[in-house]
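K.L.:
Sequence:
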Amino acid sequence: MTHLGGAETTLFWVGAPLAVLGALGLLFARKAVHAAMGMALTMIILGVFYIAQQAEFLGVIQIFVYSGAVMMLFLFVIMLIGVDSSDSLVETIRGQRVAGLLLSLALMAMLLAQVAHARFPTAVGLQQVNADPGNVSGIANLIFGPYVWPFEVTSALLITAAIGAMILAHRERLSAKPSQADWSRERIKSGENVAGLPVPGVYARSNSVDTPALLPDGSISELSVSRVLRARKQIADSRAELEHSQELEAESGDMTSQEVGDRQ
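With the UniProt record's numbering applied, the sequence shown covers 1 to 264.
Watch out, some of these pointers could steer you wrong.
Simulated restraints on C-beta separations [claimed, not checked]:
id: 1; residue 1: Val77; residue 2: Phe120; range: 31 to 41 Å
id: 2; residue 1: Ile159; residue 2: Ala131; range: 33 to 43 Å
id: 3; residue 1: Leu229; residue 2: Ala250; range: 23 to 33 Å
id: 4; residue 1: Ser155; residue 2: Ala131; range: 22 to 32 Å
id: 5; residue 1: Val33; residue 2: Ile143; range: 18 to 28 Å
id: 6; residue 1: Val209; residue 2: Met166; range: 51 to 61 Å
id: 7; residue 1: Ala250; residue 2: Ala181; range: 39 to 49 Å
id: 8; residue 1: Trp183; residue 2: Leu229; range: 20 to 30 Å
id: 9; residue 1: Val209; residue 2: Ala7; range: 24 to 34 Å
id: 10; residue 1: Ala109; residue 2: Trp183; range: 35 to 45 Å
id: 11; residue 1: Arg230; residue 2: Val60; range: 18 to 28 Å
id: 12; residue 1: Glu243; residue 2: Leu105; range: 54 to 64 Å
id: 13; residue 1: Lys177; residue 2: Ile143; range: 27 to 37 Å
id: 14; residue 1: Pro216; residue 2: Glu251; range: 35 to 45 Å
If you're looking for bench data, these hints aren't it; they were derived computationally from the structure. All values reported here derive from a predicted model rather than from experimental measurement. Glycine included, each C-beta is placed from N, C-alpha and C at the ideal position.
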């Protein structure tokens with residue numbers, strides 16, 4: 001930033017660390033939503049810096065387009081598709097971590113070399129442009145005046161890219177959509193969970209969703225409890241329930257034997 005005054009200096013030293021923290025959150029956040037919010041924070045602070053440097057048009061575009069439209073699109077896609085919690089716990093780029101670190105260091109060295117040799121001359125004519133016709137009006141006159149043809153070509157390329165993405169993502173279904181009966185037949189043919197998964201609370205003394213079901217052999221069925229509870233380790237201990245049920249079976253068996261002996 002050039003010609004820093006007291007307020008601009010304070011704004012820079014307050015906003016710059018927040019922008020860096022947002023960028024670090026984008027890189028190291030395990031959840032996709034948190035990474036997107038970190039990127040939005042960085043974009044908003046960059047827009048504030050543009051406005052502080054009397055570039056109102058760039059600042060507003062930075063906030064509305066990047067932080068508003070693009071980031072909301074990212075969040076909408078994330079919430080629509082969904083991200084499995086187990087995916088956040090699995091390292092998917094373990095083999096690429098060293099290569100990514102080396103490339104990051106090389107890019108940082110290149111940027112530092114460019115910044116070290118950069119010169120920041122005094123802006124010429126900025127006050128005249130901001131005064132008449134104004135920053136936003138001057139850029140609008142240039143975009144829709146001498147540069148209207150590149151502007152329209154860029155718009156056409158963006159529309160073509162959006163339509164191409166829709167066509168590539170579209171899948172033509174050559175067969176009929178499976179019905180519930182078709183899914184049932186496939187499940188029966190596979191022989192897995194023909195009667196459905198066991199419900200929580202089986203052989204439990206309370207109707208609790210965190211109590212795993214007990215299979216006929218006495219083992220615990222992990223599939224009967226929500227994976228969210230399994231990830232949070234909020235599953236009740238079914239061993240006590242198992243021991244209690246075994247004691248009841250033993251007592252009922254002894255009572256049955258005693259009744260048979262009395263009848264004889």
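K.L.:
Confirm or reject each hint.
P.N.:
Status of each hint after checking the structure:
1. Val77 <-> Phe120: 31 to 41 Å: holds (39 Å)
2. Ile159 <-> Ala131: 33 to 43 Å: Check passed, 37 Å falls within 33 to 43 Å.
3. Leu229 <-> Ala250: 23 to 33 Å: holds (31 Å)
4. Ser155 <-> Ala131: 22 to 32 Å: holds (31 Å)
5. Val33 <-> Ile143: 18 to 28 Å: violated (35 Å)
6. Val209 <-> Met166: 51 to 61 Å: Given range 51 to 61 Å: violated, Cβ gap about 41 Å.
7. Ala250 <-> Ala181: 39 to 49 Å: holds (44 Å)
8. Trp183 <-> Leu229: 20 to 30 Å: holds (26 Å)
9. Val209 <-> Ala7: 24 to 34 Å: With Cβ atoms ~56 Å apart, the hint is violated.
10. Ala109 <-> Trp183: 35 to 45 Å: violated (56 Å)
11. Arg230 <-> Val60: 18 to 28 Å: violated (47 Å)
12. Glu243 <-> Leu105: 54 to 64 Å: Holds: the Cβ-Cβ distance is about 58 Å, inside 54 to 64 Å.
13. Lys177 <-> Ile143: 27 to 37 Å: violated (47 Å)
14. Pro216 <-> Glu251: 35 to 45 Å: violated (20 Å)
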